[in-house]
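In the order they appear, the protein sequences are chains L and A. Mapping of the first sequence onto the numbering used here: residues 40 to 246, in sequence order. Mapping of the second sequence onto the numbering used here: residues 27 to 374, in sequence order.
Keep in mind the hints are simulated off the structure, nothing from the lab.
From the structure, some residues in chain L lie toward chain A, with a derived Cβ separation under 7 Å:
| hint | residue |
| --- | --- |
| 1 | Glu-88 |
| 2 | Met-90 |
| 3 | Val-162 |
Computed footprint of chain L on chain A, listed as stretches where at least three residues anywhere in the stretch have a Cβ under 8 Å from a Cβ of chain L:
| hint | region |
| --- | --- |
| 4 | 164 to 171 |
| 5 | 174 to 184 |
Note that CB positions come from ideal geometry on N, CA and C, so glycine has one too.
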Amino acid sequence: MLCRGKTGGETAMHGLVNRSIQRFVSDTYGTAQWHTVTRLAGLDFTEFEAMLEYQQTHTPALLDAIATTLNRSRASVMEDIGTYLVTHPDFEAVRRLLRFGGVDFVDFLHSLDDMRDRARLAVPELGLPALELHAHPDQTYSLQCYSDIKGYGHVMMGVMRVMADDYGALALFDHTGQHNGAEVVSITLVAVDFAEGRSFELGRVTG
Amino acid sequence: MTSTSIESVLDALCPMHLVVSATGHITHAGPTAQKLCAHTDLRTMRFLEVFNVKRPRAVTQFADLASSQDLKLHLELRRPPRTSLKGIIVPMLDSHDAQDGASIINLSFGISIIDGVRDYSLTNADFAATDLAIEMLYLVEAKTAAMEASRRLNIRLQGAKIAAEEQAFTDTLTGLKNRRALDTVLKRLLDSSSFFAVMQIDLDYFKAVNDTLGHAAGDHVLQTVARIMVEETRGNDIVARVGGDEFTIVLPDVRCDDVLRLVAHRIIDRLKAPIPFQGEDCRVSASIGTVWMQSGNAPSLEELLSDADLALYASKHAGRARQTLYSPELRSVANSISPPQGRTRGTR
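In isolation and in its complexed conformation, chain L is listed as follows (with noise of 0.2 Å):
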């Protein structure tokens, strides 16, 4: 059965959100436990459409579904998802398009200004929450993460801790709190050329 797209009225949340979540349950964890976090979550259908809108209020119904479901704190969760996004054949877009936004794992951090923009003019709809990176003495810097979704910082952790390896970098991130109305994500950054990477070719032929 198709999706239920957005009704309209209501705040909407686009469904390569909730559909990357879908896909992050069920390739790791079996269609059997999504279905499980679906109906936990209280949905009548179980399949999200990268391509339409839903009401806001699903995501953060699936994610504590699924904190239950696996048992799990839904920090840990999140920061899954962060790591499954960037990691995850299916998703190399993603990487891709993150590898862009620098040429080192640091240029990449000041990338992540822009990245609300950037998406944007990719998917005007997708609405990525701002984010803001504060550089600090001593090779340390913070992220701010503006998100209606509690736990957004986790994701970007585990985006960044993979990002960092794609760059070759060794940097420790570490989840803060909240902080006049931002989740704050600080970062030190070990060495910037501490392994190989993986390798980013600008021109790959897309397809």
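Fit chain A to the given chain L structure using the hints.
Relative to the frame of chain L, chain A by itself:
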């Protein structure tokens, strides 16, 4: 400013530039420009040996280019893969050494950026930080991914639409039941061996309306006819459109054939009246063949429809705009004239 520092400034601001002397010799190539000719140092080449000038047209010597009023260049590399390039040429003003009359030519891939980046294995570092090339590549990839997701959604929606249509019981043009709905109803009635009747109705002269007044007029006639049939039947009768201008009415609980005569008479009568459409009168009429099923005789669905077709054929043969009630004698009469052509049952 020494010429060395001018060149390093240019290398940073526009890494795809060339400095060309008045004689047409390349004296300096920006780092990205040099990547266009991996195996040869561009500084040993003349500009026109490396590039074919497509615009301005008919350039045979470099002096023509340097003196051209048109600053915009369309170039093509002479060696494969013959990359197309855009260029802009400006005279080098502040040249106080041996470069009098030199020009700076800045190059860009323009729309061939995707091929260019792939063919010459370029990276972010090959473009100035202000160059939008990377954003362009980003956009192309991002939009390609988004379009692919939309395309897959469209394919799934198309599949769902077809599936829904296949399961549908409604004729979309008239809102009447369709053949699938009709078959379902008839099978149920045949199984319950009750009293009921089936009217096969063909519109006479409908093709002429379509041919002379167009499909819009034809559609209007079909919708009007459908409305009339619904108005002239009882609430529990089922009116279906089963082909282009073919209708079937199922009348449950028919205890005497007077009802059939009455309904058919009213439909035929009302359809005789012209149907106005955009100032034109559309004229059709109805030929009807009816089978009255009485409890006890239980033919198959195919036999039932064949009997109704035969009665319809008799109405057409007798001059149209009338109803014929099926009786077994019709079959022998029909056979003696010509074999009745049953209405084609679509397989859809």
